[in-house]
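Novice: Residue numbers (the working numbering), protein chains in the order written: chain R, -18 to 416; chain E, 49 to 211.
Some hints could be false.
[Stated by the list, open to error] Calculated lysine-lysine pairs in the DSSO-like style (CA-CA distance at most 27 Å, straight line): (1) E/K202 - E/K156; (2) E/K156 - R/K238; (3) E/K92 - R/K173.
[Stated by the list, open to error] What follows is a list of derived Cβ distance ranges for each label pair: (4) R/G374 - E/G159: 45 to 53 Å; (5) R/E367 - E/K92: 42 to 50 Å; (6) E/G169 - R/Y190: 15 to 23 Å.
[Claimed, not checked] Facing chain E, a subset of chain R residues (Cβ under 10 Å, in silico): (7) T7; (8) A10; (9) R12; (10) N237.
None of these hints come from the bench; they were simulated from the model. Just so you know, even glycine gets a beta-carbon here, dropped at the ideal spot from N, CA and C.
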Amino acid sequence: MSGQAAQDVRTENVFMSFAVTSDSHTLDAYRARGGYEALGKALRTMQPGDVEREVTASGLRGRGGANFPVGSKWSFVNKESPVVYLCCNADEGEPGTFKDRWILEHVPHQLVEGILLAAFALHARHAFVYIRGEFDLALRRLRGALDEARAAGLVGEHILGSAFACDVVVHRGGGAYVCGEESSLINSLEGKKGYPRNKPPFPAVKGFYGAPTVVNNVETLANVPWIVARGGAAYAALGNKANPGHRLFGVSGHVNKPGLYELPTGYPMKKLIFEDCGGILGGKPLKAVIPGGSSTPVLTAGEIEALTLDAPSLQQAGSMLGSGGLIVIAEGTCMVRLLQVLTRFYRHESCGQCTPCREGTAWMDDILARVVDGRGQAADLASLQEVPEGILGNTLCALGDAAAMPVLSFMKKFRNEFEYFVANRRSLNDGRLEA
Amino acid sequence: MKPGPGDADASGLLEEFDRLRDVYPRQMSASLVLPLLQIVQQQKGHVTPADARLVADYAGVPPMQVVEALSWYTMLHRQPVGRHVVKVCRNIACALRGSDRLLAHVQKKLGVAPGGTTADGRVTFLAVECLASCGTAPVMQVDETYHEELDEAKVNRVLEGLR
């Protein structure tokens, strides 16, 4: 990196603050850019409660998709409990989302430092990273980072010569989307199939093996070193005041330059799509954006005009910022076939525990498969309204809602395409998915 | 836990099992279930009911819990698979970038539909859900390795390299 722009990036960015090279993920490289100084500062000059206070003051919210205030989540843990566990959720699987993989591959030590700081704040002696079973380079980089950290006295007993001790265990998942849900993750970590648990009790009260447990997303934890190094107030000043910080936005679909973009919250969505990402493939008009991973309600081109990339803006537009994965859809795309890609996915991933989700995801997919096959009936359109409404709010975990919201929003905003498909037994857009 | 009769290769597994046990806190032996199953699959390609029993005994959990996990996690194979496993993503970001076309191409190239294994046992072909590589779609995973920003020519090169 060179030049003034690079210099600005270096001081401002939380994640993409360096040039990626063949060894920029190593301990030496991370330390050379100030890595583990936050941990040293915390262990030398702060109490665990001070770390929690800085994180609370930062306004950091969960980056896995739920947007829950991190300081609050930590505050629910009884720190006097004989055992507290920390789980890092690296089971990234929300379609459209690929940020945690980047962190694991490129800044694994930043994550490890975040885990150690969180464990220090929570009095957690053991931390676990539940990582997607498919991840290969990410897994090797994380394990490599932990080996380096252990050898350097940063993980294990007497970290940096202090009384603080923490071990980090990497646990590979088995290929189940629902295990990204925190109580499902805990059951999976206990050697069971990943059924979500009923709540309350929340994991912070009764989690892993019955002990108070905090489950935080990779990107969430990787923010913590920056916050501890520079203070919660500095982080709270980044981006949108009501939903502060930097996020790794993943852009996929019909844009010229898909990829990962680190931006402050509050950044204009149109600017990201049309400037940073170089606009729509083939210069086509924009048709729709799924703004925060496949589960979040779709928005039309008209609806995104004035939107900014922060939770309040998306909420006002009737959607969610979710995991920060924007799926961009060009004019000419068949929304009926595209929705069936999603219903097939949710049907496959429904764990089968709650009837509305198990049965509802299968119904929605069967109906859409019939419509796409040219065998749809007028009554199918009514069912595509009733079935998701029957799932919403009636399941133990958010997977039911995640499956219902795309169907409801696609049906509401592109109803004419569904009606056309049923009436004419073919797609209004030639069934096109590619731009 | 001693290997039972008929479990000719169990001793090799147990060595690996012991190495894994040292990684987890002692009181958490139930947590070993999934990693133990992964070790079995890594060594043998798939997991049999006898393997599930071995894992249950080692982890100290009811065999039913292991059998449940084995059938529930999609990455675990209960049947033999090919020497290589080719997973082509079919989820939304890849669909928008041509995964339908690639799935059809792989199918034609291998002569088997998703879920199938080539007659020579070389490749098992699977259509899978999101691999968290949406910014470099379309993608496939061959054994452990991701192949991104695919087109037909790139797919050909990868598939032809599989022995």
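Novice: All the hints need checking, so say for each whether the structure fits it.
Specialist: Results of checking the hints against the structure:
no.: 1; hint: E/K202 - E/K156; in the structure: holds, 15 Å
no.: 2; hint: E/K156 - R/K238; in the structure: violated, 30 Å
no.: 3; hint: E/K92 - R/K173; in the structure: holds, 22 Å
no.: 4; hint: R/G374 - E/G159: 45 to 53 Å; in the structure: holds, 47 Å
no.: 5; hint: R/E367 - E/K92: 42 to 50 Å; in the structure: holds, 47 Å
no.: 6; hint: E/G169 - R/Y190: 15 to 23 Å; in the structure: violated, 42 Å
no.: 7; hint: T7; in the structure: violated, 21 Å
no.: 8; hint: A10; in the structure: violated, 23 Å
no.: 9; hint: R12; in the structure: violated, 26 Å
no.: 10; hint: N237; in the structure: violated, 12 Å
In terms of the numbered hints stated before, the structure departs from hints 2, 6, 7, 8, 9 and 10, listed from lowest to highest.
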